[in-house]
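There are 4 protein chains.
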Amino acid sequence: MHAPHATSAAGTQDGHEEFDLDGDSLREECGVFGILGEQDDAAALTALGLHALQHRGQEAAGIVTFDGEQFRSERHMGLVGDHYTDAATLERLPGKAAIGHVRYSTTGETALRNVQPLFAELSAGGIAVAHNGNFTNALKLRKEIIKDGAICQSTSDSEVVVHLIARSQKQRSSDRFIDAISQMEGGYALIALTRTKLIGARDPNGIRPLVLGDLNGSPILASETCALDIIGAKFVRDIKNGEVIICERQANGEITIESSMPFGEKPERMCLFEYVYFARPDSIVSGRSVYNVRKNMGINLAREAQVDADVVVPIPDGGTPAAIGYAQESGIPFELGIIRNHYVGRTFIEPSQQIRAFGVKLKHSANRGQLDGKRVILVDDSVVRGTTSLKIVQMVRDAGAKEVHLCVSSPKITHSDYYGIDTPDPSKLIANQYVDHDAMCEFIGCDSLHFLSVDGLYEAVGGVKRDPKNPQFTDHYFTGEYPTRLVDLEAEKGNIKQRSMLREAG
Amino acid sequence: MHAPHATSAAGTQDGHEEFDLDGDSLREECGVFGILGEQDDAAALTALGLHALQHRGQEAAGIVTFDGEQFRSERHMGLVGDHYTDAATLERLPGKAAIGHVRYSTTGETALRNVQPLFAELSAGGIAVAHNGNFTNALKLRKEIIKDGAICQSTSDSEVVVHLIARSQKQRSSDRFIDAISQMEGGYALIALTRTKLIGARDPNGIRPLVLGDLNGSPILASETCALDIIGAKFVRDIKNGEVIICERQANGEITIESSMPFGEKPERMCLFEYVYFARPDSIVSGRSVYNVRKNMGINLAREAQVDADVVVPIPDGGTPAAIGYAQESGIPFELGIIRNHYVGRTFIEPSQQIRAFGVKLKHSANRGQLDGKRVILVDDSVVRGTTSLKIVQMVRDAGAKEVHLCVSSPKITHSDYYGIDTPDPSKLIANQYVDHDAMCEFIGCDSLHFLSVDGLYEAVGGVKRDPKNPQFTDHYFTGEYPTRLVDLEAEKGNIKQRSMLREAG
Amino acid sequence: MHAPHATSAAGTQDGHEEFDLDGDSLREECGVFGILGEQDDAAALTALGLHALQHRGQEAAGIVTFDGEQFRSERHMGLVGDHYTDAATLERLPGKAAIGHVRYSTTGETALRNVQPLFAELSAGGIAVAHNGNFTNALKLRKEIIKDGAICQSTSDSEVVVHLIARSQKQRSSDRFIDAISQMEGGYALIALTRTKLIGARDPNGIRPLVLGDLNGSPILASETCALDIIGAKFVRDIKNGEVIICERQANGEITIESSMPFGEKPERMCLFEYVYFARPDSIVSGRSVYNVRKNMGINLAREAQVDADVVVPIPDGGTPAAIGYAQESGIPFELGIIRNHYVGRTFIEPSQQIRAFGVKLKHSANRGQLDGKRVILVDDSVVRGTTSLKIVQMVRDAGAKEVHLCVSSPKITHSDYYGIDTPDPSKLIANQYVDHDAMCEFIGCDSLHFLSVDGLYEAVGGVKRDPKNPQFTDHYFTGEYPTRLVDLEAEKGNIKQRSMLREAG
Amino acid sequence: MHAPHATSAAGTQDGHEEFDLDGDSLREECGVFGILGEQDDAAALTALGLHALQHRGQEAAGIVTFDGEQFRSERHMGLVGDHYTDAATLERLPGKAAIGHVRYSTTGETALRNVQPLFAELSAGGIAVAHNGNFTNALKLRKEIIKDGAICQSTSDSEVVVHLIARSQKQRSSDRFIDAISQMEGGYALIALTRTKLIGARDPNGIRPLVLGDLNGSPILASETCALDIIGAKFVRDIKNGEVIICERQANGEITIESSMPFGEKPERMCLFEYVYFARPDSIVSGRSVYNVRKNMGINLAREAQVDADVVVPIPDGGTPAAIGYAQESGIPFELGIIRNHYVGRTFIEPSQQIRAFGVKLKHSANRGQLDGKRVILVDDSVVRGTTSLKIVQMVRDAGAKEVHLCVSSPKITHSDYYGIDTPDPSKLIANQYVDHDAMCEFIGCDSLHFLSVDGLYEAVGGVKRDPKNPQFTDHYFTGEYPTRLVDLEAEKGNIKQRSMLREAG
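Chains as they are written, first to last, in this note's numbering: chain A, 36 to 541; chain B, 36 to 541; chain C, 36 to 541; chain D, 36 to 541.
No lab work stands behind these hints: they were computed from the structure.
It cannot be assumed that every hint is accurate.
One copy or two, it doesn't matter: identical chains are merged, so the pair holds either way.
Listed below are the simulated DMTMM-like cross-link pairs for lysine to aspartate or glutamate, each with C-alpha atoms no more than 20 Å apart in a straight line [what the hints assert, rightly or not]:
| hint | residue 1 | residue 2 |
| --- | --- | --- |
| 1 | Lys-269 | Asp-214 |
| 2 | Lys-463 | Glu-289 |
| 3 | Lys-269 | Asp-407 |
| 4 | Lys-301 | Asp-345 |
| 5 | Lys-178 | Asp-407 |
| 6 | Lys-269 | Glu-293 |
| 7 | Lys-178 | Glu-525 |
| 8 | Lys-437 | Asp-482 |
| 9 | Lys-437 | Glu-385 |
| 10 | Lys-269 | Asp-433 |
| 11 | Lys-178 | Asp-102 |
| 12 | Lys-178 | Glu-104 |
| 13 | Lys-182 | Asp-210 |
| 14 | Lys-131 | Asp-183 |
| 15 | Lys-275 | Asp-490 |
| 16 | Lys-301 | Asp-471 |
| 17 | Lys-437 | Asp-345 |
| 18 | Lys-269 | Glu-94 |
| 19 | Lys-205 | Glu-364 |
| 20 | Lys-269 | Glu-385 |
| 21 | Lys-131 | Glu-385 |
Keep in mind the model is a prediction, meaning the values are calculated, not measured.
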């Protein structure tokens, strides 16, 4: 359920057999960062912010700056550190204002032309847009505007927003922005850069996070607070669900910040998976320390599971905070029984000799001294298809564990996401493959198997149980209750693979 | 005046001093090739056709195919042979129909997103477009459509055509195509590919060339006949000036060819520089062998110049056919007194020791045995800024030549082109810098200097003198008489550098 | 003190300012792996073994195989996963027998020709050699053989071994091997591959580790047991200090293993830094679980330091096991107060705005929720120059810590290593810069500073205090007592920078 | 028989079918250049010299400089212009003295470690060596020194020279050099660089060329005079066959030049193929203009062949000078009936439609206007396997030629070369496949076929017929008479494929 850094691209391209276990994970689509600064270093600050948000997307990264006269753009496949650590690259990105984006693709093909930020030249000046999340009616809108003569270059749903901005009859670019997002549905955090403005918006439910920071008077928008910390910026507040915030450099140089709620106000329903898996443990999401929330999950899990054992072992790194909580609550010692290999990133070729738990061993190794002869509680953050869990349990048993109990600090996943999380086809989810708990336990090969309850999760995050009438969080992957309409899905009868008529190789 | 292959990109990027002489040349924008074939090898045939057209553009090459279901695209900076010789690349381009493009950029920045063919998804299906030439009102139209909500991704004027197609209210894609080009002015050869059609068009004056070929019943459109020869296709006829030709695969598999003249008929005015410099000597342009026409230029030049000398030496490769003509007419022996280095391509660093005629020597070397003690007639195809001529004359003198007479097989260049030829600022042209012929001769350092007269050129190409009332060819670079309006130029008061608000590296 | 993955090469090459903190760490030279197998997958197994040993060297990796007829070699700069995950690369390495090597360079320049394994063709057949460690008389021997006509291609001290093998008058390659190492002094683990043999050797003191494993009857030699675990091989035993082991495939296919002690027997003196820092926590080194040993260090440190605090926070990943031990012994809760960023690898450009603790923040971030208002015990494995510690303490204070106590699970480092560990110039070591403990504490900015005592370390590793007359381990970096002569150092009067007369770029 | 630039590497590596005709050519092994200069620009001058010698080897290029303290080396696969045009590369090569090398490999694998110059550190200082040619007893010597403990890194025969230098008991490096080459047999031009000396040597027969030049007092050694011309250096004289020349920078800065003839004096026997094919037409080889010699071949060929025709057409570029001579002698007009494509370099994928003369058409195209309805004399410099000739004749016929007469300006090739020219297996040579002249003519498909006689060639080069007792030139490829012993060939019974026990990929 970890190491989103590892990609199996090499494997598939060469056509040889693959031992990738990464299909057994969820992926977040994107992270965004923007600054309306005072010094000519907006790109360098954005590169650092994106580096801190790298866990939200490792496929590609892009930065657009405005240098007072022109917008400049660099977009590259790969990690932030692969490209934006180069002085020459940053020199091609002068300017006091910038927005940036890291992505892992959910919709749209893997190709450079899909890398954000996207840009449009308007008569009134240019606008660059970056977003995290997904629109549930993008396909419908795309068809409409193509019919009306628009030319769509990318296959990304983000492009639709840019077209709607370009086509808006409003005069001010911020009004065009609001005009455009008023037509979109889904879960998103959007940021935009015009000649004078840094604009941010969160969807009406607040499914995806977005925070406002401040660096010596310069406003910053970022997906998570960890992007503020790396540059020493102060956290100001969360952008509210349904809020549009417009930071503008006035003619006199002063920076004003204006907020509006064009969709009205309603309670926020933050995505629970931000707490369970996506957000970095040192981030503060909607006022809650992610690390503490995860420890709470471990504490609640210990109370629910009540397993007797010798040692609590996290599956690193995702399971570590919950394991610490579990150990503290249960009094069973916390030990690093599994060591993570930090040099993972590619899929190795399996030798002709069969290796048990191959694949998992590229990333994790058993620390025999803490497993041999012991009753082991393994703590993981989530289980998707279960294939990784199976191999880790096998590896732990091979290292001599007497008993292996798998404790998962989130509920069973049963439904797909349509708001920016890449989930496997529901039929591939272990919770759907094995409705019977014992069968699932047997498949994984553990002595016992425990998932945190939905209420246990709600309490860990928000302090109270789920309110079935007005759930406090977005939780459809566990419950099937979606917070919005799913327009495209219904129109396409479930087949939402958007496909351009033009395919382009990377 | 040669070796368009040589680029000085490395030089400028690294910022160190440059010894490039390539500014002293003209550059053609593009070459196009398209086929509506019967076998699944359209991309391989297009790659060969583009290879034969490589002299028309070495900066980038692109191919779009249609495989019966989807359009596929590959676009790469560099030579055709750098990318499209790779089996994997061609495998990503399945299909019986394809269009391709080689380019050297005149308008628009050097960037991959400007590489053609361009593509648009229409409600009725996709359309890919490639063109050679330039539109003289593209900027005006671009502003209008952006005002109307269009998003321009590239800075290429070709994109405007695609937008006009997308915005046309017509139903059939071929009608949309005619609708779009009806709004464009300039000099161009355009080809387009839809799901069933290969479309071609030449501007009303026929400034840029386009020919129809046939390969076992499959229609082909190409900039020059040499692209037909390489694949063994037959030459059918030239596309007429102002003609739109639509090759269509009917439902029964039959291929129909339909021609229309939406702008009416008028006499063709082919660009003279195609004969002087751009077209390959083995091509037949508007019914005339380019090699023979160039020999004629040399013959007429010999008659006009009447120089007494020991040897006729071409400046290779551009000056070779004219030198053969000159030698045959004058009876003075033709000898390779200058040898061309075929491994040129980069700008070398000049050593601290000063080297006379450095730069030129990277591409040409003096063959002392044919120069020492001799009276030499150097034959070149054209002189732009004169800086290369100066160095070649110097090099020939250094090799011992007693006299050096420079004979140029085209008239003096005095005006800029706006139809797809990259000309330096008029103030940089030697003919404008030295109005006095003797001063020009002195600058170049030759004993005498001769340019072919405009009438001598007309006779070499068309057999008769120039008709001042209705010039038979496009010749403004020599005469200042442009065949069309220059809308953008006038609107922008001479500043036609189109600049997007967004700059993108690479 | 961690993240050996991070390199600052980009920074120095481009010449711009650097914020690298990696100079503040120690580096191990190499890891080795070899197998005399039964199936044609020796290279794939070796790639996996090297991947598990990647922490011992990230600069380059090489594999040599013998396919029954020829030796094959692949050597590449970069990580194992960057090259040896490619099927084509492995296909170029057929054979049942292989040795491999990962390196970080201590002596010799950074260049491909220094990448091991090295190879020599002997009349009797070829021999490939890979080593971990350093020879203290290599320079002297190198001069002698050059005088005698040898041509040294690399600047690596390993090449001397190969030359000595080639020059030996012995007949059998294994005798030549022993002949060669008999002339070498220092600390090393060497493996070699001939047409029929896999040979291993450890220096007489056993400074560098080497273990024997078994995979279904095929002998394996590896630097650490974690390389056996990844391929499911069994650990057989440690190679003894001063032992030469020869695994040979006999004519009948049987594999024999022969051991000799050519230098006599004496007690082993394993390098203490293998326990403190280099070895992977899941490895068993000389019969001791590295993880458990590190926990013991933390336990002893807690007993020695006796700090009163609210939370024990490891500096990940190096300090984590000791922090767990410290927390268990002291009863103070263990929390992840510092989060490690897994995407580090390059040196980012610092923005013009000054960022406190820039550099450290690229790799580590403060988890404010566990630091704010707390008395924090930071646990690190070692302190070299102290510059990283200083910044981490600053970052922790900035996150609101009330007190910061730095507890280091090893003694102060005062002397250079000459056995394969890259140590800064002694004058740069913080222990030499600040002899006064309080001054050092003030420099780092912590409230109190504690190093594990030498005896505390000895007890953590071996269960008993240091025997000053016959120290049980190699510990000169803490004590100044070197286990061997330092021939080259003395001859060169301290200047042991070996420099070839030929410098070669990359 | 041309375009040595074209390589088919891509084709073979990918394993798909190839249409390469390059096997139908001879290849020269190398070109060398060296300078003992006065300014810190030896590398830039050497890069230019190597660029002028690029036709002698396109596979790789290397430069070694001495900066007064250290030797520096850069060696790269590819053209000189691919690497040595980069300022950063030249900055890594400081120094007033340099030697360089371009190569096409005959013996030894294609791998970077075989790229010259080679380097050895001697006690007395380093020595770098580059050579053009081949040693006929290298294998025997290699075995002897390996037996004696030498370690051979490359598979190049040049390495043996370096080992012999290193092993020489002489004191002065120049004496060691002479000592080494005294043991070598074959045909070669060797240059070497020590801390103070630039050394050159030609084999006793003078099979390979080497000239001495002068640039403002700095001595230069180069394979051909064209390398002097490009940097404006003066030609001083040819190095004599069997001469060793030592240019030395004395302590007072003065440069002395010393010559010796260690093998005694005898008449030179320059390789005829230098005149026929290898040398650049603007070079002066042994006092003869290569261009003029080739014209002479064409003149003599016209006298011998006596073909009646309408047009003389060279197969460019190799056949052009002879065609000019042929046309002048015969009075038949010279015309460019075949146009060379300058953008060749890769092997394109052939479409599924069969293309007549595919392969040839990638490099050459028929200029129909000069071929249609005509009786054509095609002039080529040589015919090796005949497969290219066949396709060119076919292409010319397809373009409408009424008659095609192939006139070759050199005799039939019947024997292999062992002095640095890569010849196909003798059984593949067309002259051996078709002993009957008419059958050969029929195979090629021409109306008549003419080879220049051996005496005709001798007269064209040296003015007199061949002296059968003491042939004035090296001519074994035409006559079977080798100028030296062939030690390795005899020892290996004809199998001279040298193969290292270690294979390494590039």
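Check: When no copy is named, should Lys-178 and Asp-407 be tagged within, between, both, or neither for a Cα gap of at most 20 Å?
Finding: Classified as neither; 60 Å inside a copy, 52 Å across copies.
Margin query: One pair to classify: Lys-437 and Asp-482, alpha carbons no more than 20 Å apart. Within, between, both, or neither?
Written below: Result: close within a single copy only, 10 Å intra versus 44 Å inter.
Next item on the list: Can you give me the call for Lys-182 and Asp-210, within, between, both or neither, at a CA distance of at most 20 Å?
Entry: Between. Shortest inter-copy distance 16 Å satisfies the 20 Å Cα cut-off; intra-copy 24 Å does not.
Check: How would you label the pair Lys-437, Glu-385 (within, between, both, or neither) given a Cα cut-off of 20 Å?
Finding: Classified as neither; 28 Å inside a copy, 51 Å across copies.
Next item on the list: First find the shortest C-alpha distance between Lys-131 and Asp-183 inside one copy, then the shortest across copies, and answer within, between, both or neither for a cut-off of 20 Å.
Entry: The answer is neither: 37 Å in one copy and 30 Å across copies each exceed 20 Å.
Note to self: At most 20 Å between alpha carbons: which applies to Lys-178 and Glu-525, within, between, both or neither?
What the structure shows: Classified as within; 15 Å inside a copy, 39 Å across copies.
Check: Taking 20 Å as the upper bound on the Cα-Cα distance, should Lys-269 and Asp-407 be classified as within, between, both, or neither?
Finding: For Lys-269 and Asp-407, the Cα distance is within 20 Å only across copies (15 Å; inside one copy 47 Å).
Next item on the list: If the cutoff is 20 Å on CA atoms, where do Lys-301 and Asp-471 land: within, between, both or neither? Let me know, please.
Entry: neither (38 Å within a copy, 62 Å between copies)
Margin query: At most 20 Å between CA atoms: does that hold for Lys-131 and Glu-385 within a copy, between copies, both, or neither?
Written below: between (50 Å within a copy, 15 Å between copies)
Check: Under a CA distance limit of 20 Å, which applies to Lys-463 and Glu-289: within one copy, between copies, both, or neither?
Finding: For Lys-463 and Glu-289, the Cα distance exceeds 20 Å both inside one copy (54 Å) and across copies (46 Å).
Next item on the list: Evaluate Lys-178 and Glu-104 at a C-alpha cut-off of 20 Å and name the case that applies: within, between, both or neither.
Entry: between (34 Å within a copy, 18 Å between copies)
Note to self: With identical chains, the pair Lys-301 and Asp-345 could be close in the same copy or across copies; at 20 Å between alpha carbons, which is it: within, between, both, or neither?
What the structure shows: Close neither inside one copy (47 Å) nor across copies (40 Å); limit 20 Å.
Of the numbered hints stated above, those contradicted by the structure are hints 1, 2, 4, 5, 9, 11, 14, 15, 16, 18 and 19, listed in ascending order.
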